[in-house]
Structure formats: C-alpha cells, structure tokens
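Using the supplied hints, reconstruct the complex from the two chains, each of which is provided in its own coordinate frame.
Listed here are the chains, written in short residue letters.
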Amino acid sequence: MKITPPRKEIERYLGYRGFTADDTVAPVIDEVVEELGKNLQPKSVHKVFDIEKLTDKEISFAGLNIGSEGLAKNLSGCDKVVMAAFTIGHGIDQLIRRYEKTNILKAACFQAAGAAFVEEYCDMVNEQIRCYAQATGHGIKPRFSPGYGDLALDLQKDFERILGMSKTCGIALTDSCLMIPSKSVTAFIGMYPLDSGIPESTCGSCEDCSLAGNCSFSK
Amino acid sequence: MRNLTDRLGSEWLFCDGGAGTFLQDKGLAGGVLPETWNIDNPDAITDLYRSYFQAGADIVNANTFGANVLKFGDDLEKIIKAGVDLAVKARLDTGRCDAYIALDMGSTGKLLEPMGDLSFDEAYDIFARSVRAGVDAGVDLILIETMSDLYETKAAVLAAKENSDLPVIVTCVYDTEGRMLTGGTVEAAVALLEGLGVDALGINCSLAPVDMYPVVERLVAASSLPVVVNPNAGLPVVENGKTVFTVGPEEFVEQMISIAKLGVNVVGGCCGTTPAHIKLLKDTVSKMPFIPVAAKNDCVVSSGAASVTIGGGRGTVVIGERINPTGKKRFKEALRENDIDYIVGEGIRQEDQGADILDVNVGLPEIDEPAMMERVVKELQSVTNLPLQIDTTDIKALERALRIYNGKPMINSVNGKTENIEQVMPLVAKYGGVLVGLCLDEDGIPTTSDGRIKVANKILKAADKYGIPRKDIVIDGLCMTISSDTSSAVTTLETVRRATEELHCNTVLGVSNISFGLPAREIVNSNFLTMAILSGLSSAIINPGCEPMMQALTSSNALLDRDPQCMKFINRNGNYIPYAKLVAGEAQAAAGSTDTAANTQQTQGAKDSLFECVKRGLKDGSAKAAKEALATRDSLTVINEELIPALDVVGKGFEAGTVFLPQLLMSADAAKAAFDVIKASMAGENQEIKGRIILATVKGDIHDIGKNIVKVMLENYGYEVIDLGKDVPPEVIVAKAVEEDIKLVGLSALMTTTVVNMEETIKQLKVAKPDCKTVVGGAVLTQEYADMIGADHYAKDAMATVRYADEVFGQ
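These protein sequence lines map, in sequence, to chains P and U. Every letter in the first sequence is one number past the one before it in this note's numbering, and letter 41, counting from 1, is 41. Start counting at 1 in the second sequence, then tack on 219, and there's your number in this note's numbering.
Be careful, since some hints might not be right.
Claimed, not checked - Quick partial rundown of chain P residues pointing at chain U, CB under 10 Å, derived from the structure:
no., residue
1, Lys43
2, Gly89
3, Cys169
Note that these hints are calculated values from the structure, not bench results. As the structure is a computational prediction, the values presented were derived from the model and not from experiment. Just so it is clear, CB atoms sit at the ideal spot from N, CA and C, and this is done for glycine as well.
Just chain U, same shape as in the assembly (with noise of 0.2 Å):
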C-alpha cells in the first residue's frame, strides 16, 4: 500500500459515502446505535464496505463514527475490534489492497467548557481511548469527521496525534456562512488545524454540494493543506414517516464537479450519498485536471471562534498591552487575590476600545503562575471571541495554556537564545501559533539593525528546522527608550523596515518602551508609532484606551492605503472634537460656572453626589463621584455616608415593589464602579469586611446569573464573597467551607432535579461546620422547598440575601 500522506494533494482521492441512510435500509430502527451493528448484524456492515470498496473509494470508513467509551462503555474496544476488522475483511475480498480504512470519529455530543460541562482533558481522554482502540484494531488512518465545535475538534486531533503515528484527517460542520454551530469559521478552523498539523483538512454534512460552493472557495483560499469535501445528498425530507434525501447521483456529481474545479484535492459524500454517488463521482471526477495545493502565506492567529490576519497589506493590528502586571499594583493585588472578574474586566474593556488581540502576562513570582495562565486564558474565552497572546517566559505556563488554548494563539516570544529556541519551539511546532521573536540572543540586545537582523535570522533558521513556517514568525525589533540612547528609535526603526522588505517577514513592537523616562510619553509614543507603520509594522502591542495610540494608528491605516474606504477610521474618530474647540469649551465651561458660582455649585454638587448617582444608577457618574470624593474624605467614609446609604434606599424600593430588578442593578452596577475606584485607591491596605460568603450554584445546575446578582449585591454590600461557580460538588463547598472557617454559605438550583444536590450539600456541611448557615435561592425554590431540605433561610431574590447576611453577621 502506498504512503497515504505522499498521495495526499498530488493525486485525486475519494472518500465513501453515507452509512446511515444505506444501514436503515437494512433494518437498522431508529434511536439503536450503528455501530452495535459491527456484532449484531456483521453482514450488513460488511455489505456497506464492500459497496463502498467496489465504488472505487480510496478511504472507507470503519463503522465507529459514534464509538466511544460515553456510549459504549468497556465494550468500545471489542465494537471497533469487530468494525474494523469487517472492513479489512471487505478490503481483502474486493481486491482492493490500495485503498485505506479510518477510524471514524465522530463527536462526543456533548459541549466543552465554558459553554458545557465537559473539560477539555475529559474529551482528550474519550477520543484517546478510541485512537487507541482504532490503532491496535489496525486503522490506516485517523477521520475526525462532522464536527461542530472548534474546541472539541483541537482535542479529538492531539487524542489521535498524541495516541498514533497515523495521518490525520478533519471535516468540519458549516452552515452557508462558513460558521460552525459554536461560531467557529473557516478561517479560524484552518490556523487552529494548520498549527495542530494534521493532514487535510474540510468540510462535510449537513448542506448539499451546491449550498457548500462559497464555503469550499474559502476553504481553498485559507488552506495550505488538502481539502476534503464530502456534501450530504440535499437535504433531508421526511416521506411517509421516513427521512429521505432527494439530490441523486448525476445531480450530486454535477453540482461536484464545480466544487472539483475549485482546486480541492479529496471528495467523497456524507448523509443520503450511496455507492452509486460515489461510483458516478470517481468516474467523473478522476479525469478532470488535478490541482495541487498552494501554501497560502497569509499570518493567522485565532480564536473558538474568530481569526485575526495580520501584515499582507492589511491595517496594523492592536495588540492591547493592558493584561500585564507589571508596574500595575491593582492588576497585582488582583493576580494575589485571584480576583479573576477584575483580570478578564481589563480584556473585555481593550475589546471595547478597539484591540484585535489581547496579550496575557500573568507572571508574578510569588503566585502559582501555570495554574494562574490556564485560568485566566479560559477565563477570557469564555467572555471574548479575540485571540490571545501568551506572554510568559515561563515555559510550563507557556506549554499549559498552548494545550487548553481554543484556536491559534500568538505566542510572546522566543529570542535568539539557543536554550531559549530549544525550549520554545517544540511546543510551537506541536500545537501551532504565531511566534514572536525578539530580536536578542546570548550576546544581549544588539545596538545596531545589522545586529538585529541577524538575530532574526538565526530566530527564522530555527523555526524552518522544528517546522514552523516563516509566515507564523512575527519579529520584534525591540524597543529601547531614547531617554538613555537617543539614536535608539532610529535603530528600531530600522530594524522594521529591514524585517519587512528584506526577510518579508510581519513585525510587532511593544511600542511605549520608547518614550521611558521621558514626560509627556504619549506624544512621543504617537509619533513613534506613526514612523514604525510607515517603516512597515504590522502589528502593535499598546494601550488601546490611549486615544492618541488609536489616532496614530487609526490614521496612519488609512493613509497608507490599508482601511478600505477608511471605515475604520470613520466609525472610530466620526464624532471627533478638535482639539481647539475642546479646549475653548472647557475654558466657555470654567467662565460660566464663575458666574453663578455658589448657585451652580450648590445644585451641580446635589446632582453629581455619588449618593445620587448609586440611585439613579449613574456607572461613569459614580465612578467620577467617588474620585472626587476620595479626594476630601477617607474611603471609610465615603463608603458609608455615600454609598451603602443609596443603596439602601434603592434596596428599600425594591423590596416595597416600587423600584423594579433593572434599577436595582444599575444602581448595583454603579456602586461596583465605585467600589473599584476606592479599592484601586486603597491597594495593598487592609480594607474591612462585613463577612466572608461562600456563594455556589450547584452540581447539575450549569445557569448561575441569579447567583452572580447575588454576589455583586452581596459585595456591594461590604461582604468578601468566595465563588465557587456554577455546577459545583457537595464536597467542594464543605471543604471550601471547613478550609477557610465560613458562618455563610449560599446555594443556588435552577431545577427541581438538582435541589437534591442542594439538600446534599445541606446535610454535609451540617455535619462537618455546624456552625454555618445555609440561604438558598433560585428558581424552583419556595419557603416549602428549602424547609423540606434543611436550609436555614429562603431568600426569595438577591436583596433578601443581602438581609439575612446582615442577620448572621450581626449588623
């Protein structure tokens, strides 16, 4: 038999087609699982095989699509054993030695986390077990097939890569659009799929080959590897009780032969496509001119969900620089704290004012930081569909979060450092991702462009021998301030442009180390950023909360010609005031208010109090009120002269039905606004507490906002609230509870099916802290319920909560 992966885009290959539709005409009922049919009924799965070898197909499938330990328990072995074994047989007996069988992999069904319940490593751990049953069974190669979710697609490919020496060959789900059912486009599916290193890569199911043409044309266009399609016949129709697929072989293969010209390299059918689909297909289609694949040069990092593209005459790309400790002492107060929300805040803020990537620097050296990385890169994937860059110089970190990374991630950074190669570049090659290098080595920063590149050189030399393409190199021409060297930004700049146009290689900088030192920095850093894009950067790790960054950036795109139409820059700067009009209304403004001074002053204060704004539910109000306030006035104070006094009368209406829950939360969300000046004024001191809360929604139950109203009140309130999420054990509460000495521990259930769970919880913790309440809340919750299973308390919404808290803690 020939090397498959050799014959992999230099010649035609043809896949099988549906097994479902041809197995139900043998009797298969509905709702029993196909692949029981390898014991039950191995006459007709052998017939499947030999129609399938005898169509001419060059990749059969064994019958195992759904087979894994989920469905099949400690038989999964003996039911791929017996799959597999049937299609050798079929293989031996049609003469066809030349063609190869996949292990047929299909989904898990269910949903990884964040948006499920399944954890990555328990999906790595159900496809290796399949891999590794397909192996010993004697699978030629390995078909992870009709999946829907990006995530579960990167754990299914480092399963069978990890457990196998076998190729490996993934087709995905999309709709008309090119998305998958969790977002995922084809673009984001190619970097993640390119950098894991499988084989081919494609599509199939779910749409018919004609709905499938612009999604292919995509496909092809991102692809640097073999593309395999295999369409559905149409869709399908239920006739007389019984699903049918209506495009037949000549129309199915005439819609194919146009996918066929696009240049994909390997075709085949899924759902309602027969023998006699494939057969017509391979006559047709194997004389038609074979186009070999092109590598495509394009600089792709990604997301579940989403890709960024940078360099090839595009804008540059805003790395937002904000998820960095250091010279932040809220940002390390938070990293000690784990106070997750306030980390995965300052993402969710870059991605508001305008960053394509956000870079992720969790190091700390007094803080556990793989553990830290992982947490907060999932963090942030569950809340923002941007790709990430992992920051780290910490190689177990760096190794961590690459494996639990949904997408391609970019990577900062590896230098010229041979250890540092050594180390870094494995882990690229194996699970893919941009890669910054910087242009140091052993002998420290070179002072000179010459020096630099070299550097770069040696940094690309490398990656060409571990296999990562010149294309996913990003190289940094460093930064140095010109406060100590002043030719040093002449040298950077250099340094960009002899990257671009002599190693045609993208560029990256960490732009306001230039200005160190120096006063007025953003003015420097502006200007500087101006100059390296015209020197040729494509990519910029800033602020991108500093408008003057944004105005260098934004313009400097669309001048260069990289902004179609200049949207961007129009939709950013359209509302624009310039800046002499700004300052002649700030000067209007201080006139005006000298007039009528004790007047205005008078009614302006009543107005911008910070009581005022927690009650109107004013965010930027309160936030600019209580800064303003901390500047006559100590924290203490203003926290309970100001702030718990609004929100009290706010909680007083809520409760006598005047105020409804949406003003509740503004004015809530207001108050946290507050809160988050007074704390950043108060880092590193000792801030008092009413009580420490332990709030959890429980094991069954994967919806948790009610909870999270109840922590921000909660909070708001004075309270230190430990959440341990949603979905959590009885035993994780109690020895959360036990471990840091609780009096208060609140439950939340959604279903009545899981307020068992609750009543658990209940009962353990009474016996190993006697000492501490239960409130419990939540949908299907009444007075009865929670009396039935022990609570201590009901609390019918959050501020009830926050009333019960103040009994136990004695307020």
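The shape of chain P in the complex, shown without the other chains (with noise of 0.2 Å):
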C-alpha cells in the first residue's frame, strides 16, 4: 500500500498559507517524502458495532455509553459505527527525535509530513471501510476521534480494550491518554443506511472543532 499524501497538505501543516514552498525548502520536503517513505510501517485495526441507543447527546454501543454531543450529532442517523485505530508506525518518531539534535528544519519536516502521511493512510482504510458498508446497504461519516470537541480523550482505553490496538498494530497509550506511535489515530466511523436519504459528506467540518477560528491549520 503505497500512500502519498498531497504535496499541499504537507505544506499546510508546515504554516504556509496560500503559498507553496520556494526552491530552497521544496528540496528539504523532497528528502523528507523519501526517507519517510522508507520508514513507514501503516497498520490499521477495526471492528463494526451496532448502535444501541442514539440521543441528541448520548451514544450506546459496543458496551459503552458515551455522553458527547459532538459524537451524538456526528452519528445522527447512523445504525452501525466502525471504530478504528491507525498508524504509521513508529519509524517516523525516531526520525523527529533524531533530526532535533542536528537539523530542525527537517524535524520540522518530517513532523508535516508524518501528520500528512498518517491522515492519507486513514483516507485510504477509510475507503476500504466504505466498500465494505457499501456491501451492507450503508454509507459512512467523516471520521470522529476523541480529543476533537466535547468527545473525551479517556476513550482511548476503551480502543485499546476493544481493538487490542497495542498488540495489532502497536499503539501503545501513556498514562496521560497520547497514542505512541505519536502519528495514530483512533475514530469512530458513523454507518447510515444508504435509503435514508442522509447527504454523503466526505471531509469533517472545521466548524464542529474546539479550536475553530483559533487553529493556524485550518483549511
């Protein structure tokens, strides 16, 4: 599975806005792609689950009962949700830890380009993913990790207990809740039936986020 991300995206996570990277940083990007791509070891885990019970503000399912209205509305209409962890395994935090002592413009680099990478991979399970709902009649919803708005980042343990993510893909949780390999991501992916006349939307929504109009990655 060969994944390369937008040239821009990475760009974008570097600060420009509206510009691209002259001639004497497009090279530095360059090297960075290459040896990332060297050192990528992409694994992803899922499991589908049927909603339970769905309010405004209160989901059930997979034996959890999460209070988030953020997710509530994320979910809205849905009758089944994926929950997925991905990564691209921990070469690229060797590769920050390692361009900090001797070069932090790559550091900085391989920091874009490992968020960029990362957020490509989930696109492409993502698809897959949709293939697969696709077979039974359904639709799928941007993905909604924990940490993104009122969605608590505590749920990470619960990931680790349902998807046994340390040991199928080594994501490994600090005490503190934060995924190593530092480029993860854990989602819940929403699943509507397709005939229920809900809009398909593919990209999440700045708006939804706690740090709308503060965030100097926004698109």
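Okay, here's the thing in structure tokens:
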C-alpha cells in the first residue's frame, strides 16, 4: 500500500498559507518524503458495532455509553459504528527525535509530513471501510476522534480494550492517553443506511472543532 | 518429571494452542479480562487446561498472559495462584505428570522509554512481581510471549532470571519481513536473547505457519538455541460480528510439516488454534525426524532494531571513535556541562559518515561516569539504530550501561589481568555482549606477538569458564606508535594474523595510535589499516569522518572480496575526484580569482558573509563563514554584528508573514552551525549569556518538537536554555527553578487534558518562586487559556517567545 499524501497538505502543516514552498525548502520536503517513505509501517484495525441507543447527547454501543453532543451529532442517522485505529509506525518518531538534534528544519518537515502521511493512510483505509459499508447498504460519516470537540480523550482506553491496538498495531497509550507512535489515529466512523436519504459527506468540518478560529492549520 | 532444559533441543516438544477463542466459545465477553475467569469461572479454565493436556501438549500455559500489576493491582497474586492451581489439578486429573506448566507473560501493553512513557526499571518491576507470584504458585517455567518490542522483552527476561531459577522461553511477534512492531529484526532478537541466556526462543502469533516460513528460516539460521514456533490459525476474519480463524487442523498441520523440517524444536499454536490442532500436530510431527540444534558461529552485536555481524568473511566493520573526550577540549566541555545534544550529535554524524557501531566513552575524572554513561547510551539509542560499544574502565558504569542497553552491545574491554577478568566477565556472562580482549596483563604489554597471543589465550580460557562463547570475544592486538618503537606495527600485524588463523577469533584495533607523534598521521594510519585488514582485522575503531581511512577500508574490503558487487565501495566513492584533478582545480580557481581580484573578492565577500549565510539558511556556508570571520574579529563582534542582525531580519520577516516557518528554521540551523564553530573557538572561556531559561513540556505530554524549536531560537538569541524535556512533573520544574534561581520558565502543552498540569506548574511556581515569570505555548493554547491558567505571557510561536524573553531580561 503506497501512501502519497498531497504535497500541499505537508506545506499546510508547515504553516504555508496561500503559498508553496520555495526552492530552498522544497528539496528538503522531497528528501523528507523519500526518507519517511522508507520508514513506514502502516497498520490498522477496526471493528463494527450496532448502535444500541442514540439521542442528541448520548450514544451506546459495544458496551460503551458515551456522553458527547459532538459525536451524537456526527452519528445522527447511523445504525452502526466502526471503531478504528490507524498508525504509520514508530519510524517517524525516531526520525523526528534524530533531526531535532541536528537539523530542526528537517525535524519540522518530518513532523508535517508524518501528519499528512497518517491522514492519507486513514483516508485510504476509510475507502476500504466505505466499500465494506456499501456492501451492506450503508454510507459512512467523517471520522470523529477522542479529544475532538467534547469527546473525551479517556475513550482511548476503550479503543485499546476493544481493539487490542497495542497488540495488533503497536499503538500504546501513555498514562495521559496519548498514543505512541505519535502519528496514530483512533476514530469512530458512523454507518448510516443509504436509503435513509442522508447526504454523503467526505470531509470533517472545521466548524465542529473546539479550536475553530484559533487554529493555524485550518483549511 | 524430567528436567525441561535437558529435553529442550534434544526431542520434539509441543506447546498448547489458543485460549481466547476457546474461552469466547464458553461465553467470555469481549472486553472482559480472561484472567478474571481463574476465579470467576474456574470450570471453563479447567476445561481449557484439560483439553490441551489431553491433546498432548508438553507445555501448557497458565491463564496468566495479561496478569500484571497494571491490570490487576493487588489482586495479581491471587489471580496467578488461582490460574496455576487449576492447571496443576488439571495435569493431575489428566495423568500428564510429564507435562510442564508455564507462567505465561505477555507485554505490559505500554511502550518503554524513549518511545513511550514506561521506564525500563518500571517495566522490570511489573514483570518481576508477576514472576515472583508465578514461582510461589509453583510453575515449571516462564514463557514470555507475543512480545513486539525488544527492550520490553529484555526487561521481562531479566525479571524472570533474577527472580526465579526456572527455564525461560521467549517468543516474539514478527511480520512477514521478520520485523517486530518497534523495528527489531529476527537477528537482533536472537543476539539479545542468546546474550541474556534464555533457554529457547522463537516466534508466535500474528501469522499462519505458511507466512512464517521465511522468518522461521532466519530464526533457525541465526539461533544456537532451540527454536519455538507457535503460529496462528491464519488471519482473523470477522463473520457475523464474531472473530474467527479460518485455518483448520489439517491445513494447519500440513503447513507446520514444512516448518518442522526447517530444524525447529518446539511447536504449538497461538490465536485460533484449538486442542484439535495441537493433537493432530503432535500425532504428525512427533513421527518426523528431530533435528538437534546446531551452534552458530557468527559474532553479532545488536541494538533494539538492527544487528551487525563481525567477521565470517564480511567486510571489516567500522567502529566510530569520536564519542570520546581523550584529547578533545570541546567534548570535555560538553561532558562537564551536560551538553548531551553535542555528544549525541557526534554519534549521528558518524552514522552518516558510515560507522557500523559507535564506541561510547564518557570517562572524565570530575563527572559521575555511571550516570553520564546511562544517559548518553539512552539518548543515543533514541536517535540511532547502530549498536554501541560500551567503552569504560569504570565497572559501575559498565554494569549500568549493560543493564539499560537495548540489545547486545560490544564491550571495550577486558584485559588479561585476573582482577579485571573477575570484574568484567561475570557482567558479560549475565547481560550478553561481544567483549574486546586486550592483549595485556599484570606484566604489561608484551612486546612480541608470542606474548600477546598468550594473553589472548588466557582471556579465551577465562571466557570459557564464565560461559561466554568464543565467538563473542574479539581480540585487540594493541597498536603502539612506531615513533617510539619502529617494530611495533609488525608485532601488531602479526598478532592480528595469528589471532585470526590460530585462535579463530575476530579482531579489533584502535588504529590511529600507530602513528602517534608522527606528522601526516592519516597517511600512516590508512596504510596501516590496509595492512591490518589483509592480516585479518575484522573490525577497526576509527574516525569515519577521516576520508583516507574510509578509502583504505572500503577499497580493502572490495579487493578482498568482502564487498558483494563492490556496491559499498561504489556507493561511497562514486563521486570521487582524483587527487591530480583536485589540485589542478584548486590551482585554476586560485588563478581565476587573481584575474579580477578586487571585483570578485567584493561580490564573494558579500555573498559568503556570515550575515548572508544565516539569512539564507546555508548551514555549511555559515560554519565556514564563521570560521573565516573569527580569523579577523573576536567572537562577540561576530555574534553581534553578523549573527544576531541576520536572525533579526528573518525573525521580523516571520512576524510580518513574509517568511514561513521552514525558512525561519533553516536560518536557525545555519546560525546554530555558526554558533558551534564560535563555541568551539571559545571552549574554556567564559561566554556571555543574556539569561537562563527553563523549558519543559508539561507532565502528560510527550510531543515536544514545538518546545525544541523554541529552544533552538532562544539559544541562537544568546539565552542559556535548561531543557527539562517532556512529560515533566510540576515539582521537577519548580525545584529546578528554585535551585538555579531562574527568572523565566517556558511551558509547552499539546492537549487540553494536559493544560491542567501547566496550570498546576504555574500555581506551584508562584508560591515557590514568585519572581519567576512564565510563558506558555503549544497547539491548544490561546490567549484566553493562558489568562485562565495564570500564565504571565502567551507566546503564539518561537519568535514571540524570544521577544518576551528579551522583555523579561531587559534587552
């Protein structure tokens, strides 16, 4: 599975807005993309659950009872939900640590490229999930992750318990529920019946985010 | 019951199969910890054990895979005891008193530092507690399985061996490329586990037997220990919401027949395999010819992710010598000032220059060497996968390094003195390692090769006594300068030849000593290296940044047929410019510049000025320009008239939005390169600093690139940064601020959930050190947030932090 994130995504993570990298920085990004490409270990795991209860601020499935208006809104109209975990592996973290010591520009480029790579990888797996969902007459909603909006970060522990992601993907949690490798993602992906008339959406909206208006990476 | 260690490797033995699927069929709900059933559903667990004893398994796992203190707290001992008791009873009931019960230990589920937040010692304690509980409960062996990180595996093995006398078997999870989740390879794992003295090793979980085949091939090729193979019944698929494994007993066993023929010694199953799989496996494989384990002769050193093999017809291995204070003013200063970045930077540079292994010597009389050794080893291993050579005469530093080292290191060194042997060899026997044996003893350095070979023999005999295999001894024939004894190189070369041919040992030399006191040392050194390689030298401690040495080494390796297709030589020397051409080119350039001397000098001067180089972010150019500037001006003038103004131009551009972060960082790196040059020229002198600032990423946060960018910027602007790292508890920050009388503390946080720790730090600081200001930043911070938690200042980026520091320190 070859992951090639759009170049402009890497530049966006580097803080370029409305510009592209000039010819002093562009070759550095090229080098970084190439080196990162050799150090990827993408892995993912997901499971599908029936939604047992869904109100405008509470959702129950897989033995979980989650209070979150954001997730409830995201899942409205869904009868199933996917719990998924994705990572591009440990290589990126060592590369960032290494270049922080010798070349801070490259470290920042790896940071940006890593973010773009894991997003792209999520999108690729997402497409597989979309195909699976279609086969059962479902469409899928945008990914919604713990820590986003009012969705508690503590839910990471449930992802570990339910998906066993440390064993299957090598994603471990710190005491504060951060994921290692750093370029990892956990997410809920809602599945709604295609005949329910819900319009298909592909991209999450910045408006739903708690950082709206304060984020230097907004699209 | 016959001794398990006697049977391992001399007859077929069979492990049990999967437990999870068996228990799910009995009603174990997803998310419920299986070990709780040792108490809550003992009938189901007894059933599981009985089924596997009856199926013929010789090693049955107690239901303790996830039984650690993190999951069970103080119930741990009870859970383990209950699980083992049921197994003992099931063994009795099924009449299988020939079979063994294993304490089954899996991963803690946490990642160890530097990747994660669990320290090596904490991991050790977690495993040790489970081991002691298992021993008390009466298990027959310890099976450490499904490990996906070598460092955690080392902690588990040490815990098992130091808290029990039981046999220890270790199986890890590999992908089809033979890599573990954190990067460890089959060969690196074998090196580590052999070094630690486990009783058998192998692979389990994740793959079906057919997919494991190439990985098992590598395991058998590398291991001198019995090999264990416990595959899954294929890959899990979800059918009607239930996880099932698709490879049935017949297909499983058919695939296992090929595996059994590879020379493995213990077979069983993992996820999805059932008692039926194991029964058929035993019925079939026990009738196949058993292949005893063959000892392998490779001399392997490893890190957590890679291994290097010395000798055996391979090219001479490069051991980088630069991490060593001997004769290096700047390095000594870095050691005294705890400037770990400088030391680690030397390691990264040598890797880029072609080192295979890095020698690590941090010995200085006035520092705490064991503490420094531990820190440098950990820091190096967080940024490089090269194996390390622990180089110390301080036994405490050696032991500490061997314990926390991730892999099987090289150790420099032991000598022929009885006292030294008695100190060093027990440590190497315990932790594993490739040991350099110096050919000197109580009588000094023998002046003849006869004398040196005699000492080498003494070292080999002693190693044998301590159980260190001969393949793990590398003989150092000792280089003494030819400037004091012109026959000394001949003696060294002869020692290398005889150690290779007569003792069948690998060899090493600290090559550059040969020319001490002579001019043009690299000419002597590189020619001597060529001769030594021809005499059999299998590893050389050299400076990989010294081109003539690397030329001698790469061409010797190619000439002696130790470089397949000459690829290494070609890769390194493809752009080589012949000497004559180089000289001619330089002459031409010199002639050219005199033609239009005034003109060229002017434009070139402008183009290559330090100011321009920093502004344009030219790293190499900056270092060069700084060197040139220092020839005519003092360091302060260079800093104030060139460096700082250049940084300011870029910084202002960044603030105005005309310069983007990457360019700011390029300039920062270029300025840093210039500062390194200036600092080296000032080594030992007092350097003027604008102020001292603590930076830390707060407790709970492990991502610190933002903080590191701020650090680089502040240092460039003349501040001394005390970098406390990431995941730093409030108390540590406050204590340091008080101890060092700090006026400004910068805190970074990435997650909303960790901002509370930022707030707590600020609160404690205000009490303990009211005159200390705080500046905060990080992904989730905003001005409102900063105000809410009582920070003195919010900095939206690195430049804003610099500006605030200037304000605080009245610049």
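Does the closest beta carbon of chain U sit nearer than 10 Å to the beta carbon of glycine 89 (chain P)? Glycine 89 (chain P) check passes; min Cβ-Cβ to chain U is 8 Å, inside 10 Å.
Against chain U, is lysine 43 (chain P) within 10 Å by beta-carbon distance? Where the cut-off is 10 Å and the nearest Cβ of chain U is about 8 Å from lysine 43 (chain P), the hint holds.
Closer than 10 Å between Cβ atoms is the bar; does cysteine 169 (chain P) clear it against chain U? Give me holds or violated. holds, 8 Å
This entry satisfies every hint, going by the numbered hints stated previously.
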